[in-house]
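Chemist: Using the sequences provided together with the hints, build the complete structure.
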Amino acid sequence: MNKVFIKMSDLRSISSKRAYSSSSNSGKVVKQLIGISPLNKEWVDSAKQKLKYALKTKEMTRIKYLINCLDILYFCDWILKNHQIQDIEINQMLNKTETLYINAVINYIEANIHNPKEILSSFDLVSAAVEVLNEANQNMSQKYKLMLSRYSSLYSTFQKINEICHLSTAQFNKNITSQISSLIALQETAFKVYPQLKENILEIVSRKLDIIHADLFDNVLKENAQDNPSIKILLSLFLNFTELYKPLETLCLQKRYTQVVAQYNELAFSNEIIEDYYQKWLKLYHYHSLPRNKIDEKSIISTIREMDKHNAVFTKDYLELKDLQPSFTQMKDFFISLLNKQGKDSIIHYYKIENDLLHLPDSEKKLEEIVRFIKHLIEKTNENGINSDLKAELNRIQKDFLEVLDKSIEARVISSIATNISHNSLKNLFDKILKLYYDINDLSKINYWQETKKQVLKCLTDVPSMIEKLQKDDIFMKETPESKAKDTLKEKLLNQIKEVNDLLPVMAVYQIGNVHEYIKIISHIEKGFSLSSPLHKPSDRMIVHDKYTAKKIIIFGKSKIHIGRNNPGNDIVLKCDWVSGIHCWF
Numbered sequence: 001m002n003k004v005f006i007k008m009s010d011l012r013s014i015s016s017k018r019a020y021s022s023s024s025n026s027g028k029v030v031k032q033l034i035g036i037s038p039l040n041k042e043w044v045d046s047a048k049q050k051l052k053y054a055l056k057t058k059e060m061t062r063i064k065y066l067i068n069c070l071d072i073l074y075f076c077d078w079i080l081k082n083h084q085i086q087d088i089e090i091n092q093m094l095n096k097t098e099t100l101y102i103n104a105v106i107n108y109i110e111a112n113i114h115n116p117k118e119i120l121s122s123f124d125l126v127s128a129a130v131e132v133l134n135e136a137n138q139n140m141s142q143k144y145k146l147m148l149s150r151y152s153s154l155y156s157t158f159q160k161i162n163e164i165c166h167l168s169t170a171q172f173n174k175n176i177t178s179q180i181s182s183l184i185a186l187q188e189t190a191f192k193v194y195p196q197l198k199e200n201i202l203e204i205v206s207r208k209l210d211i212i213h214a215d216l217f218d219n220v221l222k223e224n225a226q227d228n229p230s231i232k233i234l235l236s237l238f239l240n241f242t243e244l245y246k247p248l249e250t251l252c253l254q255k256r257y258t259q260v261v262a263q264y265n266e267l268a269f270s271n272e273i274i275e276d277y278y279q280k281w282l283k284l285y286h287y288h289s290l291p292r293n294k295i296d297e298k299s300i301i302s303t304i305r306e307m308d309k310h311n312a313v314f315t316k317d318y319l320e321l322k323d324l325q326p327s328f329t330q331m332k333d334f335f336i337s338l339l340n341k342q343g344k345d346s347i348i349h350y351y352k353i354e355n356d357l358l359h360l361p362d363s364e365k366k367l368e369e370i371v372r373f374i375k376h377l378i379e380k381t382n383e384n385g386i387n388s389d390l391k392a393e394l395n396r397i398q399k400d401f402l403e404v405l406d407k408s409i410e411a412r413v414i415s416s417i418a419t420n421i422s423h424n425s426l427k428n429l430f431d432k433i434l435k436l437y438y439d440i441n442d443l444s445k446i447n448y449w450q451e452t453k454k455q456v457l458k459c460l461t462d463v464p465s466m467i468e469k470l471q472k473d474d475i476f477m478k479e480t481p482e483s484k485a486k487d488t489l490k491e492k493l494l495n496q497i498k499e500v501n502d503l504l505p506v507m508a509v510y511q512i513g514n515v516h517e518y519i520k521i522i523s524h525i526e527k528g529f530s531l532s533s534p535l536h537k538p539s540d541r542m543i544v545h546d547k548y549t550a551k552k553i554i555i556f557g558k559s560k561i562h563i564g565r566n567n568p569g570n571d572i573v574l575k576c577d578w579v580s581g582i583h584c585w586f
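If you count the sequence shown from 1, position 457 lands on 457 in this note's numbering, and the numbers rise without skipping.
Bear in mind the hints are in silico, worked out from the structure with no lab data behind them.
Mixed in with the good hints, there may be bad ones.
In the DMTMM-like style, the derived pairs of lysine to aspartate or glutamate whose C-alpha atoms are separated by at most 25 Å in a straight line are [unchecked claim]:
(1) Lys427 <-> Glu491
(2) Lys64 <-> Glu89
(3) Lys520 <-> Asp462
(4) Lys375 <-> Glu451
(5) Lys365 <-> Glu354
(6) Lys432 <-> Glu368
(7) Lys458 <-> Glu468
(8) Lys174 <-> Glu272
(9) Lys145 <-> Glu98
(10) Lys81 <-> Glu135
(11) Lys472 <-> Asp442
(12) Lys246 <-> Glu297
(13) Lys280 <-> Glu266
(14) Lys246 <-> Glu199
(15) Lys366 <-> Asp406
(16) Lys332 <-> Glu320
(17) Lys432 <-> Asp473
(18) Lys399 <-> Asp442
(19) Lys322 <-> Asp227
(20) Lys469 <-> Asp406
(21) Lys458 <-> Glu410
(22) Lys3 <-> Glu59
(23) Lys520 <-> Asp571
(24) Lys280 <-> Glu297
(25) Lys309 <-> Glu354
(26) Lys232 <-> Glu306
(27) Lys432 <-> Glu369
(28) Lys7 <-> Asp45
(29) Lys160 <-> Asp124
(30) Lys435 <-> Asp389
(31) Lys520 <-> Asp323
(32) Lys298 <-> Glu272
(33) Lys222 <-> Glu203
(34) Lys366 <-> Glu306
(35) Lys294 <-> Asp389
(36) Lys332 <-> Glu275
(37) Lys81 <-> Asp124
(38) Lys391 <-> Asp406
(39) Lys458 <-> Asp431
Computed from a predicted model, the values in this text were never measured in an experiment.
Modeler: Shown next, in the form of structure tokens:
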């Protein structure tokens, strides 16, 4: 018997045919004396042994022994009926075994049909088990069939995606992943009822993506092991994964995948610098290679600034950079020499300071030097009679360094919190930050960091105890009978939730505590409220995830969110040249 579940009618039919065939092949069964059973003693002993084993085992092993026992008993039953003989022992064993078999089938169905994780892997077996039960109890089996019908469409999706994920890595492409995404989207309503099923399917997809991801990095490592790796080959490798991952990025948002997308974007941008920017610079270089009465100072200054910005790309050892003529360094030196000849030594001097400061290792000393430089730039640009071009360039450098200062300070606060420094040390760090902004008289930043200091210290000292108190009050509220006192307690809980919600954005930005766990706890508590009209509506939350770097999740609890390039006044800060100071809000 190869099947796990066999209907008793089918089992009886199979056994009867075998008994008939056995009887025919041996001629007529030897006629027995009246009152003597025509059964072979070994058959009966075997049936007893199988039943004994079945009673000692559980689950699938029990079912296997019971099916083997029924097979022998149905064989014996046919022999007895063919000889018109009654055997009470065989009848009793048969009734007992059939009952045990049906009970074992019901136990198996119950163990799997209510578990979304198990039902996907055992759908066919459960269906076969329900068919066995249908012969004994149609009403009970109909209830199970109704439950199975809800799973059937999801099971088909599961099977199809599972089949797709068994394709070879070479066959996997964006068309395949688009198909997977479409199949999951079609079942979105059903997945809301059975979210675990969606997680099981996505686990299969993630396993396939992990295999492709591992192959990708094997190839990337091989290429990077070359003396001069090719940026075009690396781009091609990362592009393949990025394209097939794109249809699944909202479903399988994993840091290891988003890092590939980020690396692809970084390589694509580097390739653009090499292919497009370099050609633009080269055109300017060739133009000025011939003697000129007057040079295009603005274009040269702009180009040097651009070259400084993208200097890191040309420090790589890409194959495509090896044969550039002239080299990046030669070209930049040439432009600087042109400016020197025009008496622009002051600008070159500032460029050198800018470059030296940017390449200093992160430290408290670096922050002080940046502030000192910004302070000097402010004083210099306020001088009377300063050249307008020089003033514009110094204003640009000042603006850039203010952004560098903001970014460096924020990174320092995050790293300090991560090292679990003492409360007093953190207070001292904030005091030093405020002093830096006092030196350059930046009132908006002073106000911003004073408020941030209060919020960060509150997050570190108060939020864990606030969450603990919330949980205790929630348990107490659930145990309290409906009354005015319970309504008051609900109002108190909602106020406490709002207070924590207001601090969650700061906790997310500065990576304080387990923000996701706090959100889960708060969401769980909120679900327990049954007020017809809430006394206080909890603050809405929005999570922003940078899919390219996977670095930061920001949570907001406010009615209007500002986006822009500058830190003060903006909730989401995008350090991009094409984003304005206060870009938009919603």
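Chemist: Has the given pair, Lys309 with Glu354, been kept, meaning a C-alpha gap of at most 25 Å?
Modeler: 11 Å, holds
Chemist: Is the Cα-Cα distance between Lys399 and Asp442 25 Å or less?
Modeler: 13 Å, holds
Chemist: Regarding the pair Lys232 and Glu306, is the alpha-carbon distance no greater than 25 Å?
Modeler: 23 Å, holds
Chemist: Between Lys520 and Asp323, is the straight-line Cα distance small enough, at 25 Å or below?
Modeler: 56 Å, violated
Chemist: Below or equal to 25 Å on CA atoms is what counts here, so check Lys246 against Glu199.
Modeler: With Cα atoms ~19 Å apart, Lys246 and Glu199 stay inside 25 Å; holds.
Chemist: Does Asp406 sit within 25 Å of Lys469, going by the straight-line distance between their CA atoms?
Modeler: 36 Å, violated
Chemist: Does Glu410 sit within 25 Å of Lys458, going by the straight-line distance between their CA atoms?
Modeler: 17 Å, holds
Chemist: Can you confirm whether the C-alpha distance between Lys472 and Asp442 stays at or below 25 Å?
Modeler: 44 Å, violated
Chemist: Quick one, are Lys435 and Asp389 close enough, alpha carbons at most 25 Å?
Modeler: 32 Å, violated
Chemist: Has the given pair, Lys3 with Glu59, been kept, meaning a C-alpha gap of at most 25 Å?
Modeler: 15 Å, holds
Chemist: Hey, Lys174 versus Glu272, does the alpha-carbon distance stay inside 25 Å?
Modeler: Status holds; Cα separation ~24 Å.
Chemist: Does Asp431 sit within 25 Å of Lys458, going by the straight-line distance between their CA atoms?
Modeler: OK: Lys458 and Asp431 at ~16 Å, within 25 Å.
Going through the hint list in order, the structure does not satisfy hints 1, 11, 12, 17, 20, 30, 31, 33, 37.
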